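*Asks:* Hey, can you work out the whole structure from these sequences and the hints?
Those protein sequence lines, which keep their order, are chains A and B.
If you want this note's numbering, it's the 1-based position in the first sequence plus 409.
If you want this note's numbering, it's the 1-based position in the second sequence plus 409.
Since the hints were made in silico from the structure, they are not lab data.
Only a predicted model underlies this, so the values are computations on that prediction, with no experimental measurement involved.
Treat each hint with caution, since some may be false.
What follows is a set of in silico ranges between Cβ atoms, one per label pair, in the way DEER data are often shown [stated by the list, open to error]:
id: 1; chain 1: A; residue 1: 555; chain 2: B; residue 2: 446; range: 36 to 46 Å
id: 2; chain 1: B; residue 1: 484; chain 2: A; residue 2: 427; range: 45 to 55 Å
id: 3; chain 1: A; residue 1: 469; chain 2: B; residue 2: 570; range: 26 to 36 Å
Glycine residues also receive a C-beta, built at the ideal position from the N, C-alpha and C atoms.
There are 2 protein chains.
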Amino acid sequence: MRISELSERTGVPVPTIKYYLREGLLPEGDKRTPRLTEYDDRHVRRLGLLRVLRDVGDVPVEGLKRLVAAAETRGTVHDLFAVAADALAPTPPAPGPGRAETRAMADAIIAHAGWDRVREDSVDRDNLAATLEMVGSFDTHPRDPAEIAPYVAMADRLARHEIANLDDHKDRVGLLEEMIVGQVVFASVLTTLRRLAEEHHSHERFAEDQRD
Amino acid sequence: MRISELSERTGVPVPTIKYYLREGLLPEGDKRTPRLTEYDDRHVRRLGLLRVLRDVGDVPVEGLKRLVAAAETRGTVHDLFAVAADALAPTPPAPGPGRAETRAMADAIIAHAGWDRVREDSVDRDNLAATLEMVGSFDTHPRDPAEIAPYVAMADRLARHEIANLDDHKDRVGLLEEMIVGQVVFASVLTTLRRLAEEHHSHERFAEDQRD
Chain A
410 MRISELSERT GVPVPTIKYY LREGLLPEGD KRTPRLTEYD DRHVRRLGLL
460 RVLRDVGDVP VEGLKRLVAA AETRGTVHDL FAVAADALAP TPPAPGPGRA
510 ETRAMADAII AHAGWDRVRE DSVDRDNLAA TLEMVGSFDT HPRDPAEIAP
560 YVAMADRLAR HEIANLDDHK DRVGLLEEMI VGQVVFASVL TTLRRLAEEH
610 HSHERFAEDQ RD
Chain B
410 MRISELSERT GVPVPTIKYY LREGLLPEGD KRTPRLTEYD DRHVRRLGLL
460 RVLRDVGDVP VEGLKRLVAA AETRGTVHDL FAVAADALAP TPPAPGPGRA
510 ETRAMADAII AHAGWDRVRE DSVDRDNLAA TLEMVGSFDT HPRDPAEIAP
560 YVAMADRLAR HEIANLDDHK DRVGLLEEMI VGQVVFASVL TTLRRLAEEH
610 HSHERFAEDQ RD
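*Replies:* What follows is the structure, encoded as structure tokens:
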């Protein structure tokens, strides 16, 4: 198909497709004549993934590049997922004075959860440490880092469910896509549902409460 | 205290404090002389909240304004939380052709969850509908909207836990701050923990798997 049809089928505008081609995020099409380049289902599929990552996951271009590179290298599916985890993770905020201590706490939380397959240099170890640092630094509304415990159990349940539900008939790129889409989409679903549930449950406790 | 001390105590730069004052996000200080304005603990506290909302919650200035306005109006704490839910919710993406149907699905999910205190015009009803529309529109990696069910149960448990744990000694603004900080911080905690847990659990299934 031509680039115009590719755009129509995927809903991605032609200028965006050209940008992805320039950035190497989309493989070149098959150049039949100087004025006709053919695109195929691989392009449709890749654009579907890029659309979700940009629209829902808010993944920056650098992250997209790392994900595409990982999808194209060899290694186990587990290795591929580890690269994806780092690509999807935000850049950890610069460490404050308490970071060494909270990094040790983060490592202890991960060890205590039994997540011993998480790489020592996983970006999310630092993200967890940064959050713990922030949680402890609130002067006006301090939070106890121990509050994190119930979320660990919940994350474990979620992850088991999601890994177990991946479709075994897919190839490695298909599994990557499914994992990412699931992670990104259902993170947004869960955040929305949780706000809805809090609106409901706040009624039970605060329906009549007009405190100063 | 002077503005310079306010900046030191909160870690918020002076130009940002001046910006918040201009935007009405921070109440005016007490003008003692033309060159000396006094700030107090209310300012420290408000800046703490604004810092978290901007740094962690990524709440745009318009959302900050609605939150501050809600904190200053009368009404029950439940009403206040409803305004906060809308301020924290992203703007729903423009509806596609399937939106009427997915909005009905979203309403059914909320009703089935028993969340009958959620306002009819809650922004998150449309966010849920938009997500369902997107989930159903994936050509290359379709997801069944029924996959949302386990997340509903999880969101319900999370919300009960968080509402029940709010400190009853706080005033209305204190409760609002605590609820928002909890929601924003622990949404980010949960997303990080879930990526860590997926890295671990993917090892069980895919450690040796080098599929094409």
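*Asks:* Holds or violated: 45 to 55 Å for the Cβ distance of residue 484 (chain B) and residue 427 (chain A)?
*Replies:* Because 52 Å falls inside the window, the suggested range holds.
*Asks:* Quick one: are residue 555 (chain A) and residue 446 (chain B) within 36 to 46 Å, going by C-beta?
*Replies:* holds (40 Å)
*Asks:* Tell me if the beta carbons of residue 469 (chain A) and residue 570 (chain B) are separated by a distance inside 26 to 36 Å.
*Replies:* holds (33 Å)
In terms of the numbered hints stated before, the structure departs from none.
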